[in-house]
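Colleague: Note that the protein sequences, when read in sequence, are chains L and F. The opening position of the first sequence corresponds to residue 1 in my numbering, with each subsequent residue numbered one higher. The opening position of the second sequence corresponds to residue 1 in my numbering, with each subsequent residue numbered one higher.
Hint data in this document are derived by calculation from the structure and do not stem from the laboratory. Everything numeric in this text was worked out from a predicted model, so none of it was measured. Careful, some of the hints might be misleading.
Simulated restraints, written as ranges between beta carbons of each label pair [stated by the list, open to error]:
id, chain 1, residue 1, chain 2, residue 2, range
1, L, L56, F, S105, 48 to 58 Å
2, L, K226, F, A50, 43 to 53 Å
3, L, R237, F, P107, 51 to 61 Å
4, F, S105, L, D92, 25 to 35 Å
5, L, D40, F, D5, 52 to 62 Å
6, F, Q4, L, M1, 45 to 55 Å
7, L, D92, F, D5, 26 to 36 Å
8, F, T11, L, S96, 22 to 32 Å
9, F, S105, L, R237, 44 to 54 Å
10, F, S96, L, S236, 37 to 47 Å
11, L, H11, F, D87, 40 to 50 Å
12, F, V45, L, P196, 41 to 51 Å
13, L, R237, F, E32, 45 to 55 Å
14, F, D106, L, L124, 52 to 62 Å
From chain L, some residues computed to sit far from chain F (all C-beta separations above 10 Å) [as the list claims (entries may be wrong)]:
id, residue
15, K30
16, P32
17, Q162
18, R204
From the structure, some residues in chain F lie toward chain L, with a derived Cβ separation under 7 Å [claimed, not checked]:
id, residue
19, H33
20, F39
21, E59
22, S65
23, Q126
No residue lacks a Cβ here, since even glycine has one placed at the ideal position from N, Cα and C.
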Amino acid sequence: MNSWRLLWDGHRSPFENMARDEALFRSENKRPSLRIYGWDPPGLSLGYFQRSDDDLASASTITDAMPVRRPTGGGAILHQQEVTYCLVLPADHSLSHGIPLAALPVPESYDAIHSALARTLSLLDITSGRDDSPRNDSFFCFDRRSPHDLIVQGKKIAGSAQRRSRERILQHGSMKLRGDDRVSGSIGVNDLIPAPMTFDELGRTLVKGFEDEFGVKLIPGTFDGKEEAAATSFASRYKNLEWRQSHTKRD
Amino acid sequence: MKPQDLRYSETHEWVKADGEVAILGITDYAVEHLSDLVFIELPEVGDDVAEGDAFGTIESVKAVSDLNSPVTGEVIEVNDALADELDLLANDPFGSGWLIKVKVSDPSEMDALISSTEYEVHLAKQEGG
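Model the full structure from these sequences, guided by the hints.
Modeller: So this is what it looks like as structure tokens:
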């Protein structure tokens, strides 16, 4: 059985979280890595290309979560009462499907990884479906609808986004512990099961979902020295919400 | 059939050489695999690009992907129309959907690129797993 690295990474600030995900994405370590983490303080992450002016001002009326821009696309996510995962794989990795991820159409590769989240929900006897409603582009990711999102009772329980380079594929996303009334389309695991789960319990179930779905063993590990150094460097960049523009202009 | 006057990379970029200038784009296969295109980020005129390195990014539904350069050189023109009209890339990736023009510093890098026939064979192998 193949083994992947499990990084049980605790609760960290929004800047650290995005920096640590990117450090794994840029790492020379080719071993597949699954990072499980939470947010302290709560974060409001924006998609890579998402505008941050009017919509963010509007969002600030419903949350004081700390904004940060993700390296991935999609809509804004309010990160609290959730377990967040980040899976980083070599682009030529084929999961258990036989075809390298990079050779799959992007939505299919996304769906292939997302199947681990559906497996996680099935371990909790929660039946989820894929979203077949028309795509929209609401500010909040969990108000958005696109194929391959996981839906329970018509509400989104998990959503993810990818970043791709020649060498790596990163997919990170959220599974909600509780739906958030401020985001109309979300629902959480604890809204659906009789005994509420803790962060650690849902995190462990998520790990088992990945292990079962892909036939791998997740072995606890840590960031190596280069990855820690990269994460520290990237964190200062992520403190600037407009880091993408400053990066683009190559100041 | 892919255009025969272009050179290709196995990572689905194309190059059209015109003297010391190379026009860069991504293939129809790349566009189809990305699915619906949402945003694009390209370099500015005067920026340097390096063979194998990312020179921009493109967002499609569910993913932000690097755009990689098959050549090294200086950006001398950018297809600014794409910022407002990504359909140009979606519908005509080998024509009006070109991305950037580069003044190449090492023309021998073109030798590492493959012909349209070789690219078609590569695609067939990739599709076969």
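Colleague: Each hint: holds or not?
Modeller: Hints and how they fare:
At roughly 41 Å, the beta carbons of L56/L and S105/F sit outside the given window of 48 to 58 Å. Checked against the given bound of 43 to 53 Å, the beta carbons of K226/L and A50/F, roughly 21 Å apart, lie outside it. As the Cβ distance of R237/L to P107/F is approximately 35 Å, the hint placing it in 51 to 61 Å is violated. The beta-carbon spacing between S105/F and D92/L, approximately 30 Å, falls within the hinted interval of 25 to 35 Å.
For D40/L and D5/F, the Cβ-Cβ distance of about 56 Å falls inside the hinted range of 52 to 62 Å, so the restraint holds. Between Q4/F and M1/L the beta carbons are some 47 Å apart, a value that agrees with the proposed interval 45 to 55 Å. As the Cβ distance of D92/L to D5/F is approximately 30 Å, the hint placing it in 26 to 36 Å holds. Under the hint 22 to 32 Å, the C-beta atoms of T11/F and S96/L, about 24 Å apart, fit the expected range.
Between S105/F and R237/L the C-beta distance comes to about 29 Å, which lies outside the given range of 44 to 54 Å. Taking 37 to 47 Å as the suggested C-beta distance range, the pair S96/F and S236/L conforms, at roughly 40 Å. Distance hint check for H11/L and D87/F: the Cβ-Cβ separation is about 43 Å, which falls inside the suggested range of 40 to 50 Å. Evaluation of the 41 to 51 Å hint for V45/F and P196/L yields a failure: the beta carbon distance comes to about 56 Å.
Roughly 33 Å separates the CB atoms of R237/L and E32/F, a value that falls outside the hinted 45 to 55 Å. The hinted range of 52 to 62 Å is satisfied by D106/F and L124/L, whose Cβ atoms lie roughly 56 Å apart. Every CB of chain F is more than 10 Å from the CB of K30/L (nearest about 17 Å), matching its label as outside the interface. With a least beta-carbon separation of about 18 Å from chain F, P32/L lies farther than 10 Å from that chain, consistent with its non-interface assignment.
Remark: the non-interface label on Q162/L conflicts with the geometry, its nearest Cβ contact in chain F lying 4 Å away (cut-off 10 Å). For R204/L, the condition that its CB be more than 10 Å from all CB atoms of chain F holds, with the nearest at approximately 26 Å. Against a cut-off of 7 Å between C-beta atoms, the interface hint on H33/F holds, since the closest Cβ of chain L lies about 5 Å away. The closest approach between the C-beta of F39/F and any C-beta of chain L is roughly 4 Å, which is under the 7 Å cut-off, so the hint is satisfied.
The interface hint given for E59/F holds, since its Cβ lies 4 Å from the closest Cβ of chain L, which is under the 7 Å cut-off. At its closest, the beta carbon of S65/F sits 4 Å from a beta carbon of chain L; the interface hint therefore holds under the 7 Å criterion. At about 5 Å, the closest approach between the beta carbon of Q126/F and any beta carbon in chain L falls short of 7 Å, and the interface hint on this residue holds.
Checked against the numbered hints given earlier, this structure breaks hints 1, 2, 3, 9, 12, 13 and 17; the rest are met.
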